[in-house]
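For chain A, the structure is supplied; the task is to place chain B on it using the hints.
2 protein chains.
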Amino acid sequence: MEFQTKRIVIVGASAAGLRCACRLQRLQPDWSITVVEAKEVFSYGACGLPYVLSGDIDELAALRRTVYGVDRDADYFAAVKGVEVLAPWRATAVDTQAGTLHIEGPEGERELEWDELVIATGASPRRLPDLPDDPRIHTFHVWDDVKPLKIGLMHGEIDHVAVVGAGLVGCELAEAFRSLWGAEVTLIEAAPTPLPEILDPELGAVVRKHMEKNGVRVLTGSAVAEISADDEGVSVAVGSERVRADAVVAAVGVLPQVDLATAAGAALGPTRAIRVDERLATSVPHVWAAGDCVEVRHVVTGGPAYLPLGSLANRQGRVLANILAGRDDAFGPVAGATAVKVFDLNVAAVGCTAARLAGDGLGVRSAWISTEDRAHYWPEAQLILLTMVYDPSTRRVLGVQGVGEEGEVAKRIDVASQLVLRGATIDEFTRIEHPYAPPYAPAIEPLAVLAFAAENQTEGIDMMSPLTDLETTMVLDVRVPEEREERPLNAGRLIEIEVSEVRDRAGEIPEGPLVVACAHGTRSAEVVRWLAQRGTRARYLGGGVSWRVRALSPEG
Amino acid sequence: MEFQTKRIVIVGASAAGLRCACRLQRLQPDWSITVVEAKEVFSYGACGLPYVLSGDIDELAALRRTVYGVDRDADYFAAVKGVEVLAPWRATAVDTQAGTLHIEGPEGERELEWDELVIATGASPRRLPDLPDDPRIHTFHVWDDVKPLKIGLMHGEIDHVAVVGAGLVGCELAEAFRSLWGAEVTLIEAAPTPLPEILDPELGAVVRKHMEKNGVRVLTGSAVAEISADDEGVSVAVGSERVRADAVVAAVGVLPQVDLATAAGAALGPTRAIRVDERLATSVPHVWAAGDCVEVRHVVTGGPAYLPLGSLANRQGRVLANILAGRDDAFGPVAGATAVKVFDLNVAAVGCTAARLAGDGLGVRSAWISTEDRAHYWPEAQLILLTMVYDPSTRRVLGVQGVGEEGEVAKRIDVASQLVLRGATIDEFTRIEHPYAPPYAPAIEPLAVLAFAAENQTEGIDMMSPLTDLETTMVLDVRVPEEREERPLNAGRLIEIEVSEVRDRAGEIPEGPLVVACAHGTRSAEVVRWLAQRGTRARYLGGGVSWRVRALSPEG
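Protein chains in written order, with our numbering: chain A, 363 to 918; chain B, 363 to 918.
Isolated chain A, as found in the complex (with noise of 0.2 Å):
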């Protein structure tokens, strides 16, 4: 691209459009840099919305508030950032042979004309069908969506709520429904246990037992066969269940704005997103997409993926403000690193699930570990749950995903992002330099623990799942007796020798097939390899009781 004064249209004024048209304006202050946006509110944190309904936010203003208190409207955008946001304005018509954008707003139409279109359009929440036009029934996307439930929960109208899915949005209103409001919640997801998208069912079964602890009811594994309201209030009938609730809200992920690009002639990818190469370059010529409308690629699977994440679309806006302004940039495959919070959970995950995989043929496998966040003597030291999906073939690593309540989850999969990222190996994994002291972290990494145990499986000393029924299994209890007393453990047949006594009370083992248990994973790693190597085969219970009490109710 040459340097010539040009003019920039941009539909959209959320996180990737905004960021685009600020950015530009830097590099090329001479441009003509035009924003329309069809809601009167906009550049706002929408991530923030479930808080300030939770409390936890004081004020839906504050999303919308620099760092130093001003307004981001569109005054600010002209005044700061030199940059015009016509809102609220909607983009009606595009023609890209003539390069003008219809638009129409509260003083009428225009036609915008423009050398370079953006399309930034986002996401609108995913409707089920036949959902009945009703006032309590809700979906939870944008700032308008906040105030009605909000109000229902202050006036006491809304005692009972019904969350249709048990995704991010779906968790984090369950929380917020709860823990200020204390309002009965009932949370519902097809999928057999919560975060399905993020999480193996060995975590989504922590995260839903730790909703149950909160008061949360989960219904998992059944779709929801309908949502009806009448006088008496909404319902949503669900496996051989009928939920009834003052409200509903219906949280089952988001689908991308295309309309726009569709009118404009630019096809989209088999995610039904917008498709865009690196360069953020539709099929059109001169038209340019970015954030939540289209698809990006996913570096685990190679091929597209649609991950409406705002901190992609914040890069996204950057990188494609750079490649207009004449630079060398490019937005890459991505790893999908996400994080939500869950009452006290911290969950984060990055890569794909091992469920999201199972049907490639890979043939991946999982390792699961629990082990202390800091060094274990640290009187804050919490434990965290960490999984590994990776493919024993290539050793890659293809997924990390980890909880923790209270504990440093989201720094351990912000660093397996960035080797989730460039593709690697478990034993990359196992040699992670990271800042080691007491009160951060233990001296032998987290993330490298969990590869050992991955390492380890992949020589033949495995391990079953957190959630296996033992009920018809041999177990061994490799814990000491005060461990075994506090969380006792329930098998079909139950040998009790602690791991101090094992080399000297091996004639009292059977033969396989034998599940070897402790606290955490590690020692009962060891017995296997211990036995595997006197010929006796066995597994090990991975992550230990302290994973299982986390997942199972009844505990064990």
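Hints were generated in silico from the structure; no laboratory data involved. Every residue, glycine too, gets a C-beta built ideally from N, C-alpha and C. Check the hints yourself; a few may be wrong.
Simulated restraints, written as ranges between beta carbons of each label pair [as the list claims (entries may be wrong)]: (1) A/P741 to B/A591: 32 to 42 Å; (2) A/R489 to B/G869: 37 to 47 Å; (3) A/G854 to B/E469: 44 to 54 Å; (4) A/T820 to B/E466: 38 to 48 Å; (5) B/A868 to A/E473: 27 to 37 Å; (6) A/T820 to B/E446: 22 to 32 Å; (7) B/A868 to A/R369: 22 to 32 Å; (8) A/P391 to B/G721: 32 to 42 Å; (9) A/E473 to B/T820: 34 to 44 Å; (10) B/T454 to A/T820: 56 to 66 Å; (11) A/G583 to B/T820: 51 to 61 Å; (12) B/A868 to A/H464: 47 to 57 Å; (13) B/G869 to A/E473: 34 to 44 Å.
According to the in silico footprint, chain B covers these stretches of chain A (three or more CB under 8 Å from chain B) [said to hold, decoys possible]: (14) 402–414; (15) 722–731.
Leaving out everything else, chain B in the frame of chain A:
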């Protein structure tokens, strides 16, 4: 190495030696593995010692226990790990031709035969020259060093402590003496600011001010001339002053323990630690070394470095076990990731400081930012201060440093460590993918924001050190009035135009040289770019006023 039964003797039962012994025993259960340790108590978390003194950790014994409450003594290693530990036994002579080690212990003398010898003798405190032998003059490195100080504090015999050396241990000790015991503490450091090995002065000044806020007297920039003891107490002569105290702790770093290596004929490197190759082999066949007694290769300088860190020692122990067992493994270059808690301040760094590289002729530059560690509207969001050291010609990032009160600093260095290790550029830092949710991070990862600042600087958007003396400078303060009132800025000449008015009031802005200032550095960087496009040369205050008030006394 072919499979055959071998006799392995390991000298030193700290992290590297024991980890090597235990893993090797698992991999080669038929080998004879003996660990020789000079001290009676071993295998404890030495990094936790300052926290026993401070009372954060209840009792010394906690450092030595497993997660499940068992003491890690010789019986434990024999029964659980199948490893023989001889302690307290001292290695007094070695014959590398015969493959023998002469040891002396409570039961007399013994000769151990080995096929492979592992030297894991660790480090010992560096001693200041001419130090009198007095019980009130301490070092702080091992188990036995805690008790005399703790008793002195408990009995009220130590009211004033002089800590010589503001490295990792010195800073931890200053906190330990001060926060629980309320002792008067004088911290003495020859370098201009605390933690000079890991922090450049811009952040070192923040640590100093934080220490002072917590009641520690910090004397920097003066070397200790003499330490003396008399009936009145002990005293430290530093600069023109004599600091009198009840106890002195010399925390001036550690030296590798190389006596045995030297006796074996193993070469030392330029750091005076044992030289090893990537397989941790010394210059003598069949003699290996790991842990705090060896030097490592630094990924930034490419040269040897002495980094006695528990995290590296643990990794080396495991790698050496793999190598001795005949596996393909290597201990590669390190980035020197480090973390330390100083009262409520979290401090972490990786790579090299600009001060360290100043003499290398690279012409390295630094970028500084203040930024929120979480979404800025999240109630618990905290400011963190970050520094990036980079090579402007290659754009390679050579170091990242951070501090923050309660802020999520360590995790940024966890991530930066992965990138510095693989020689990442500023540009790669701008593309970091992170798990974003308001409770954990801002939508744009702070490390990326830091990289943006460095990238801008390479394009002429220059910043000045947060510590710059502004007394004789013309400063354009673009903050809003409320911010200016709360934290006024002193400058030779001060022009106040809030950022939203800069475009309209451009006529009031004089020709340079001009320093633009705001709260964090973000707005002022944008103004500098805008001014440059209009022909006005200006620079901005890196990290903004937020950094300055945390680093300077009096503020601003």
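Which hints from the list above does the structure break, by number from lowest to highest? The structure breaks hints 2, 10, 12, 15; every other hint is satisfied.
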